[in-house]
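Peer 1: Residue numbers for the sequence shown follow the working numbering, beginning at 1 and rising by one.
Simulated from the structure, these hints should not be mistaken for laboratory data.
Wrong hints could be hidden among the right ones.
Okay, derived cross-link-like pairs now, DMTMM-like style, lysine to aspartate or glutamate, Cα gap no bigger than 20 Å in a straight line [stated by the list, open to error]: (1) 971 / 958; (2) 160 / 171; (3) 339 / 290.
Quick list of the computed label-pair ranges, beta carbon to beta carbon [said to hold, decoys possible]: (4) 1008 / 907: 44 to 54 Å; (5) 26 / 599: 41 to 51 Å; (6) 221 / 508: 44 to 54 Å; (7) 818 / 1048: 36 to 46 Å; (8) 699 / 140: 30 to 40 Å; (9) 327 / 504: 19 to 29 Å; (10) 522 / 221: 23 to 33 Å; (11) 713 / 316: 40 to 50 Å; (12) 897 / 699: 25 to 35 Å.
Positions of the beta carbon are idealized from the N, C-alpha and C atoms, including for glycine.
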Amino acid sequence: MNAMMIMLNIFIANSQPLRWPEDWSSKLHAEALACEPWKNPDWINKIKLLEYTGFDQWGSMLGQITYKDGSVSSLYLRGLRQYRWGKHESYEFYESVTLFGVMLYGAMYYLNMSSTRCSFPQIQFGQYRTNNESIAEISKIGLKLSDFKQRKLNNNLEYKTWFIAENKKYDIIIKPNKAITLYYGQPWNSLNKIFTVKLEMNGKSGVGLMQLWSLYNGSYKAKVHPPLQLLKQPSISVQRNDYVVYFNDGKCQNENIVGGKGFSLAMLTSVIDTDFVVPKGFCVTVFALELQLHRHKELQEIINDIENVSVGKKDGDLQKYCDEAMRIIESTPIIDEVKDAILKAIENIESENNDDKPYRYAIRSSAVGEDSEETSAAGQNSTYLSIQGEDNIIKSVAKCWASLFSYQSVKYRKQHGMFVKTSMGVCVQKMVNASAAGVMFTRHPTTGDPSNILITANYGLGESVVSATVEPDTIIVHKSWNNELTVTSSVAGNKHQKMLASENGVITIELNDQENKTICLSEKIALRLATIGVDLEMLFGSARDIEWAVVNENIYLLQARPITTLYTWTDFELMHELDSCVPSDIDRLTFANVGEVFPYPISPLSISVVNRAFNSSIAAAFQSSDRIFFHIVTMKCCINYYNMFLRNPSKTITLLNKVTDIAICGAVLITPETLKVACDRNGISSRLDRILILCDMVKDAIKNSAKEKTAQKIRQNLNLNAEDFHTAYSLYNEINQHKDEFLMAAECHMHTSRVSVIYQIFAMGLLTSGYKDLVQEHFSDISILLGSCSDIVSGEVVTGLNKIVHYIKMNEKGEEFKKVDPSKGIDWLKINCPQAAKELDNFLKEHGYRCIQEMDFISEPWSLRPQDLISTLQIMMAAVKQNSSSKSLNPEETVAQLKSPKSKRIKWILKKLVPLCRQAVVRREMTKSIFVYVIHIFRLAYRRLGKLMVLEGYLPSEDLIFFLTNEEIGKLLSHHDTALVQKASRRKRMFPQLKKMEYPEVNTGMLIPMKSNVDIVVDEKSEKIQGMSVCGGSVLNRACVITNLSEAHTIQQGDILITHATDIAWSPYFPLLSGIVTELGGLISHGAVVAREYGLPCIVGAKKATQIFQTGDTVLLTADTGVLQLVKKHD
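All chains should be built: construct the whole structure from the sequences, respecting the hints.
Peer 2: Take a look at the structure:
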């Protein structure tokens, strides 16, 4: 099979959770009760005997399938998420049948009939989501267990069932295909047959799944493995004078006391009856470092300086402060209490030594937060190997402490939203002089394939593998469904050399040709390692990245950390994470109208606040809380045509339908096919429905003046002065307390916009009276009718700009002004044209909150980027002034110019309607201006919040605030979630790519971009090299070829780095990159590990890449297939 893996990581909820059994249909509950024999009064409470609870939720799931050849298929699914907890089905049920259906026009349903052991003999349960996205309660289900007994079900036959929801019956025809059978438990205790089915419901086609579950009493065809219990962290009190704790002490199983690495070693040591050994050792706890800092004030001061410089509270060169801190910490003697505790621990370990020579030790940093589920901090802090002698051990501990404040370590924490000022333990462990060593991933680190255990190995110490100084041997062990292990691949690496512990520390020895070509690990040892890996994954409850060593057939474990990059979000997932949902195959989505307001992708913050306000306003107006009107896809906004325009369709296309399309979308979108779908989806409106809609239109028009006044009142009373707040948490709470004002401002604008359209519809209806269809005169007439509006805010903007231009020309400085650097334009005007400068200052006070895509918080209005306004003025200076002046026409003059009206009565009505139409336009523009002003006030508050979050160490940069949703900001303030910071950074990096994605103006079904940034036509003859993919994805960008770290200053934002290899010193530059290519390295090299953590497309082993490409080349990195190709040569 070509399929490698499947990823379905995004679920987008589209309904409130329906709890089981609390939200169980009362009628279905009553039917279950009615079938129950009346033995005693307790029968009515039988539902409580079912220890099986949970919830259901309608939504969408998006993901991708990756194939072995590197090709990718995207999946866009709609369905029901179901969570259950309590006792397993095998304890609660005898058998059950479940039918899940998805229909062409959007309806979805879930029907279940079960037979329980201790509760009701039969339970029916179901959910129904209608074509128009509303939830309808099911009152009766026709499923019968007897019809679907496993021995009776035949995939050549048709089966019928039904259900009733809201008094309407739905008849279903089921056509099953071939089934797959799944067995559960060890040994097997239940089986599940799953059929894909073709469906018909009341004559409409669909597809679905049928599931037949029952108890299993047959034979078990696999070996029963003894169950392993998850490792649990004991609750043992720790004293602040516990400066040293041993690996086998329960106190060491506390990550906050000993750091990530120490915690992992303690947990490994606690495992009993194993095929591995953890070398003995101890941890110097965080209390030791805290006491060292407390006793030496100069250390506290330099660390405070580092923190203040890193967040911008103090000016200075961060790297210089870090270098100075490391020097001071290393040179400061360790206080006696800590030193004595370390020496005593060493003495205890040495007491077991029967050799005359003292043991050699590995001294490893163990920072708090390092090697955690969220971040690996790979190589950020120091490790010292083959250390011998008490003085050298003490010095190495101090060096490990110092490495916590190295430049790359500080930058790493800052970039991941971790506190710069943190603490560290230090592991002191007996050195294992290995004959072979390396790293094992219990799941493939690139693909995440759980059936592939990856082992990389070299002779000697594992440092040569971890540091990627050699190309190690690679062994892949296949794990079957029942944990049977088989070596499927062994590839000898070009190892060249090995590292060994010696009298002089760690030495490097060249390998001979025979050793270089030979796999350093036997198949027997590889299978033993894989078995250990399977057990540890079970014990820890997640996949592990394990450092190991072999000495005389004995396996030693040196580390077992989580594979932090295994669940890293893919670009596809980040791109779609904030989508509204997966539309049905017939849904129609258009960018018309809304594309003018949001021409570009919307920031995640604005999606969570502004778009939500728009949807809630329309939903309230249309009394349709379940529907999505403004649909988000890949952070772009479009309109669901059927929900917005055809909620209540007529049997035939009316002139009103066309007029509505023209008024809002600028073109007629409705077709006979579209109308048929709308009628099937939303139902045909009755005459009464249409009368009620007309009444609602009139009511909205009457309320229009009040809505304008409400909006003006909101602007006057809005008091959100962000500068008054000095903590991020207090400002965040204040912003949320003004949420109702924001929603009301949005509602006012949506109302006046709707009324403006209503008046246009009324006017077009009068203009088209007596016509069978729209003609060109109607369009010209409506432009005349609306064209003489005065007092429009947007008109004031143009007038104000013309006034500034006029003053500049009066001073005869026009030509000189056009050549001025826009960033210096204001200062130039103050000196050369004071009148223009004063007018510009007034203009910015009045309209400075306006800009392109002004309803997005991330946009910078003129008041924040006045250089954009200067550029506009420079363009206006070059424009030839038009002498023609537009005359404002009164209603009589306006109607006199119209060509469409055929009767005097229509013309008389139009004269009365013209002022109302114009007034509606003015109010729409006024409330828009007010809403944009409110958005700007919130924009300033969020910008201030971003600044405070940087100062408090939550974010590495202020602008990341716009790449978090409002809810995520609250979560981050409640808990330092580094995964959220990484996600925001990746969203920011992806944002320019989303701008390049283009969609048709009108779409049916799931929106697929017309052209993405990687759909580039590349000449097959152009330069191309092949490497090994270590992190998937594709990116087209500028190449930056660097062979020495001293050249790193040439890296530009978004570059694809091409280099020989990377190490820890490169870490500060990774956030700038869009892709990485190295000539050396493997799956666990530094570049690979960090690339996966940042989600950067990356290939390694790309031979001669630094020679073939040069800085400035445009290259296409297709990391999924491991290819780097030249697109355009640098001139």
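Peer 1: With reference to the structure, classify each hint as holding or not holding.
Peer 2: We went through each hint and held it up to the structure:
Between the alpha carbons of residue 971 and residue 958 the distance comes to roughly 17 Å, so the proposed pair stays at or under 20 Å and holds. At most 20 Å may separate the alpha-carbon atoms for a hinted pair to count; residue 160 and residue 171 meet this at roughly 7 Å. The straight-line distance between the Cα atoms of residue 339 and residue 290 is roughly 14 Å, inside the 20 Å bound, and the hint therefore holds. Judged by the Cβ atoms, the range 44 to 54 Å given for residue 1008 and residue 907 holds: they are separated by roughly 49 Å.
Our hint of 41 to 51 Å for residue 26 and residue 599 holds, since their Cβ atoms are close to 49 Å apart. Distance hint check: the CB atoms of residue 221 and residue 508 are about 51 Å apart, consistent with the given range 44 to 54 Å. Between residue 818 and residue 1048 the C-beta distance comes to about 39 Å, which sits within the given range of 36 to 46 Å. Taking 30 to 40 Å as the suggested C-beta distance range, the pair residue 699 and residue 140 conforms, at roughly 39 Å.
A beta carbon spacing of about 25 Å between residue 327 and residue 504 agrees with the range 19 to 29 Å that was offered as a hint. A C-beta distance of roughly 30 Å is found between residue 522 and residue 221, which places it inside the suggested range of 23 to 33 Å. Distance hint check: the CB atoms of residue 713 and residue 316 are about 48 Å apart, consistent with the given range 40 to 50 Å. Roughly 32 Å separates the CB atoms of residue 897 and residue 699, a value that falls within the hinted 25 to 35 Å.
Going through the hint list in order, the structure satisfies each hint without exception.
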